[in-house]
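Visitor: So you can see what is in the structure, the chains are spelled out below.
6 protein chains.
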Amino acid sequence: MKRVAIFPGSFDPFTNGHFDIVNKGLKLFDEVVIAIGHNTNKQRYFPVEDMIAKIGEAFNDNEHIKIVAYSELTVSLARKHNAKFLLRGLRNTTDFEYENSIAQVTKYLDNDLESVFLITSPQYAAINSTIIREVHRYGGKVDDLLPYKL
Amino acid sequence: MKRVAIFPGSFDPFTNGHFDIVNKGLKLFDEVVIAIGHNTNKQRYFPVEDMIAKIGEAFNDNEHIKIVAYSELTVSLARKHNAKFLLRGLRNTTDFEYENSIAQVTKYLDNDLESVFLITSPQYAAINSTIIREVHRYGGKVDDLLPYKL
Amino acid sequence: MKRVAIFPGSFDPFTNGHFDIVNKGLKLFDEVVIAIGHNTNKQRYFPVEDMIAKIGEAFNDNEHIKIVAYSELTVSLARKHNAKFLLRGLRNTTDFEYENSIAQVTKYLDNDLESVFLITSPQYAAINSTIIREVHRYGGKVDDLLPYKL
Amino acid sequence: MKRVAIFPGSFDPFTNGHFDIVNKGLKLFDEVVIAIGHNTNKQRYFPVEDMIAKIGEAFNDNEHIKIVAYSELTVSLARKHNAKFLLRGLRNTTDFEYENSIAQVTKYLDNDLESVFLITSPQYAAINSTIIREVHRYGGKVDDLLPYKL
Amino acid sequence: MKRVAIFPGSFDPFTNGHFDIVNKGLKLFDEVVIAIGHNTNKQRYFPVEDMIAKIGEAFNDNEHIKIVAYSELTVSLARKHNAKFLLRGLRNTTDFEYENSIAQVTKYLDNDLESVFLITSPQYAAINSTIIREVHRYGGKVDDLLPYKL
Amino acid sequence: MKRVAIFPGSFDPFTNGHFDIVNKGLKLFDEVVIAIGHNTNKQRYFPVEDMIAKIGEAFNDNEHIKIVAYSELTVSLARKHNAKFLLRGLRNTTDFEYENSIAQVTKYLDNDLESVFLITSPQYAAINSTIIREVHRYGGKVDDLLPYKL
Numbered sequence: 013m014k015r016v017a018i019f020p021g022s023f024d025p026f027t028n029g030h031f032d033i034v035n036k037g038l039k040l041f042d043e044v045v046i047a048i049g050h051n052t053n054k055q056r057y058f059p060v061e062d063m064i065a066k067i068g069e070a071f072n073d074n075e076h077i078k079i080v081a082y083s084e085l086t087v088s089l090a091r092k093h094n095a096k097f098l099l100r101g102l103r104n105t106t107d108f109e110y111e112n113s114i115a116q117v118t119k120y121l122d123n124d125l126e127s128v129f130l131i132t133s134p135q136y137a138a139i140n141s142t143i144i145r146e147v148h149r150y151g152g153k154v155d156d157l158l159p160y161k162l
Numbered sequence: 013m014k015r016v017a018i019f020p021g022s023f024d025p026f027t028n029g030h031f032d033i034v035n036k037g038l039k040l041f042d043e044v045v046i047a048i049g050h051n052t053n054k055q056r057y058f059p060v061e062d063m064i065a066k067i068g069e070a071f072n073d074n075e076h077i078k079i080v081a082y083s084e085l086t087v088s089l090a091r092k093h094n095a096k097f098l099l100r101g102l103r104n105t106t107d108f109e110y111e112n113s114i115a116q117v118t119k120y121l122d123n124d125l126e127s128v129f130l131i132t133s134p135q136y137a138a139i140n141s142t143i144i145r146e147v148h149r150y151g152g153k154v155d156d157l158l159p160y161k162l
Numbered sequence: 013m014k015r016v017a018i019f020p021g022s023f024d025p026f027t028n029g030h031f032d033i034v035n036k037g038l039k040l041f042d043e044v045v046i047a048i049g050h051n052t053n054k055q056r057y058f059p060v061e062d063m064i065a066k067i068g069e070a071f072n073d074n075e076h077i078k079i080v081a082y083s084e085l086t087v088s089l090a091r092k093h094n095a096k097f098l099l100r101g102l103r104n105t106t107d108f109e110y111e112n113s114i115a116q117v118t119k120y121l122d123n124d125l126e127s128v129f130l131i132t133s134p135q136y137a138a139i140n141s142t143i144i145r146e147v148h149r150y151g152g153k154v155d156d157l158l159p160y161k162l
Numbered sequence: 013m014k015r016v017a018i019f020p021g022s023f024d025p026f027t028n029g030h031f032d033i034v035n036k037g038l039k040l041f042d043e044v045v046i047a048i049g050h051n052t053n054k055q056r057y058f059p060v061e062d063m064i065a066k067i068g069e070a071f072n073d074n075e076h077i078k079i080v081a082y083s084e085l086t087v088s089l090a091r092k093h094n095a096k097f098l099l100r101g102l103r104n105t106t107d108f109e110y111e112n113s114i115a116q117v118t119k120y121l122d123n124d125l126e127s128v129f130l131i132t133s134p135q136y137a138a139i140n141s142t143i144i145r146e147v148h149r150y151g152g153k154v155d156d157l158l159p160y161k162l
Numbered sequence: 013m014k015r016v017a018i019f020p021g022s023f024d025p026f027t028n029g030h031f032d033i034v035n036k037g038l039k040l041f042d043e044v045v046i047a048i049g050h051n052t053n054k055q056r057y058f059p060v061e062d063m064i065a066k067i068g069e070a071f072n073d074n075e076h077i078k079i080v081a082y083s084e085l086t087v088s089l090a091r092k093h094n095a096k097f098l099l100r101g102l103r104n105t106t107d108f109e110y111e112n113s114i115a116q117v118t119k120y121l122d123n124d125l126e127s128v129f130l131i132t133s134p135q136y137a138a139i140n141s142t143i144i145r146e147v148h149r150y151g152g153k154v155d156d157l158l159p160y161k162l
Numbered sequence: 013m014k015r016v017a018i019f020p021g022s023f024d025p026f027t028n029g030h031f032d033i034v035n036k037g038l039k040l041f042d043e044v045v046i047a048i049g050h051n052t053n054k055q056r057y058f059p060v061e062d063m064i065a066k067i068g069e070a071f072n073d074n075e076h077i078k079i080v081a082y083s084e085l086t087v088s089l090a091r092k093h094n095a096k097f098l099l100r101g102l103r104n105t106t107d108f109e110y111e112n113s114i115a116q117v118t119k120y121l122d123n124d125l126e127s128v129f130l131i132t133s134p135q136y137a138a139i140n141s142t143i144i145r146e147v148h149r150y151g152g153k154v155d156d157l158l159p160y161k162l
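Protein chains in written order, with my numbering: chain G, 13 to 162; chain V, 13 to 162; chain D, 13 to 162; chain L, 13 to 162; chain H, 13 to 162; chain A, 13 to 162.
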């Protein structure tokens, strides 16, 4: 049976840190579904459609990668894709506590969905989407922090 | 002299984790005042009036429990109720640092008001109001996370 | 019914931080039993008997304080003293995680014994027994860190 | 190709928390090698041979589980078993920081060995081997904390 | 060559904790530039102009202190002032992780700009601008938390 | 007046992480005294004399660096060297809490001695002396983790 994992996030934008986790995840899973959660009430900085295109470019049409947008519970999305795993990256202890909460609630909503964690490589661990948006907004260079050209 | 404790929070909604802390608190205090802080500028997901009714239901009119709404400093509310203690639940280290700050400032505002902490039972520690609102918004089941029926 | 709490520790030595927690605990409990855990295999820096005498001096024969040495499970000691509470001080997040583990295992061993936490006042939060022993060993002054004269 | 993971630890003793992680790991890997690191200089509380027998009992001769003792670098052991993954459990933020260090050094020693983390179920997260030894030493009951009879 | 440091923040308001860090920083640097980051989209509680005046008052026209407002990347501001250092205060572990991220990204944007950290004195560590605004909004006294009269 | 900083540690061994902090510290201080604390009761893995030689080699007789061994309080050593600063590296939140305690006690012992913190570069943050000793003991390669040849 194919091992499918969902890699959920808002990816505003998708960073080198995310790229690192997905590439490591491909050793573990037969398919990784990168799932961009979007909420029509919440304004994004990088539009979902653009981000889907950029992520596709980064992975160069790798057939083990799917990229989707969704606005439902992650457990519902997982069922549609026959995914038994959630893939998540950990950068630091603040991440850990947040992820711990999400993992327990996911387990409560769907006992068959297992959360699997990989640790972000140290050179990417400081990068997060919020800081990248901030730097970009003020005209700073962010190209080396992203796995594609903006 | 009666030992009275304030249990302050926004309780949007009041969860099984909160319920657990109040029940443990009743071993320590003669009266626990559950105090729903609300700020007219800030939109709630569950209205204050509904939440007061639901919490009352959960405690089944226990005479050692009072439920109030307030929009003033917690130290002022404590004085009105002759409360010498603030009761707080700790779930994880992020909670701890936040609570540590609140406790020191409370002490500065009223040196006689002591903050008392109980640790949330592990099966409830992952639950928080933000996650419950998120699940409820997308139509997920939340009944087992709350001490009353919605 | 009298509310009795055990305040367990190795107290090698008992510091101003411990003194602060016990004094706050006296507002909450009718009796606090300061319980020096000692293990005949483990060498202490300050002998148990001396420490019992010094702590007694610090509290000036307060009748709400008992000081005992013990070498058994804390839950067994609690039963002998009809204590329904363990009093613990929290200084920082490392403390919190350790205490969280101890509290859950205590609960497993005796479901009626509740762990109650108070936060150490900021001016005492950096003091711990290990650092005091280190300073004392090299002849540094430690008098202002202890609630008694050495 | 078979996905093999090493689950290294001192397991003094192997707890319900470890049992939980291995069982979750079996969804992800075709074989899990439980590897008891032992150091001839360091005294154990539960002998390695006894622990191997007890763990075998707990898993009831599951053919996807191997149990070995080792005293070499974990990366060397992994090569012998053609393991491309290290399986690790996370209980709290202190665990996370320690594991983060180990994972980076492992990566430095063998770039093909990926560390994979699962979060311990909340009911087991407080249990650790040190506390179990402490309770056992004083004659407290530990049977409900272990996946086998002592 | 003069050692110049930027001390960036939103300072809404500037607190005794900030005052403590700048005073310690003056032992290390020949000039400290207190830089109030402001974003025209984001509403402040205390206007930037008032805060500049109040901070000036607190430092009593010390010639080693400059106070400026800015709305650009901190690395650009640093270049204008020939500052080779960013001065930052640390109060707790949550601060640390945030600062760690900022420091790494700063390094990426300008490899010559070094982040230097001082730990806030314990009596000020619980104070943060958010709590002060909250207390002030409800009419609580905040004068002892600020190095100037409001 | 010369700005002198003590960089204290057991340095068993001195790592690339330590090397990184000292090099950054040289931008801030006119002299950095690398001070190897040793305790005659405590067995080292790498002898003090060897380590002094290796560190000297790493810094290539830089005249702004001094290397000394000491077995007294760090505050006493600082006085002898007219050092007004302690230089310390921070790698993660566990480091932070430990350093916070040390910094407060140092302040208590000598109010004029300021602790200054730099954050270890991410590629070195996982390295610590304990892990290096462990790898070396089992014959693993450690050369790329040290700023000198063993």
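Possibly wrong hints are sitting among the right ones.
To be verified - Derived DSS-like pairs (lysine-lysine); straight-line CA-CA distance at most 25 Å:
id, chain 1, residue 1, chain 2, residue 2
1, H, K119, G, K161
2, D, K119, L, K54
3, L, K92, G, K39
4, V, K92, H, K119
Said to hold, decoys possible - A short list of chain V residues far from chain D (calculated; beta carbon distances all over 10 Å):
id, residue
5, N112
6, Q116
7, F129
8, S133
9, L158
Simulated from the structure, these hints should not be mistaken for laboratory data.
For clarity, every value in this text was computed on a predicted model and none was experimentally measured.
The C-beta atom is built at its ideal place from N, Cα and C for all residues, glycine as well.
Visitor: Hint by hint, say whether it matches the structure.
Guide: Consistency of the hints with the structure:
no. : hint             : verdict
1   : H:K119 to G:K161 : holds (21 Å)
2   : D:K119 to L:K54  : violated (31 Å)
3   : L:K92 to G:K39   : holds (19 Å)
4   : V:K92 to H:K119  : violated (52 Å)
5   : N112             : violated (6 Å)
6   : Q116             : violated (6 Å)
7   : F129             : violated (4 Å)
8   : S133             : violated (8 Å)
9   : L158             : holds (23 Å)
Hint check: violations occur at hints 2, 4, 5, 6, 7, 8; the rest are consistent with the structure.
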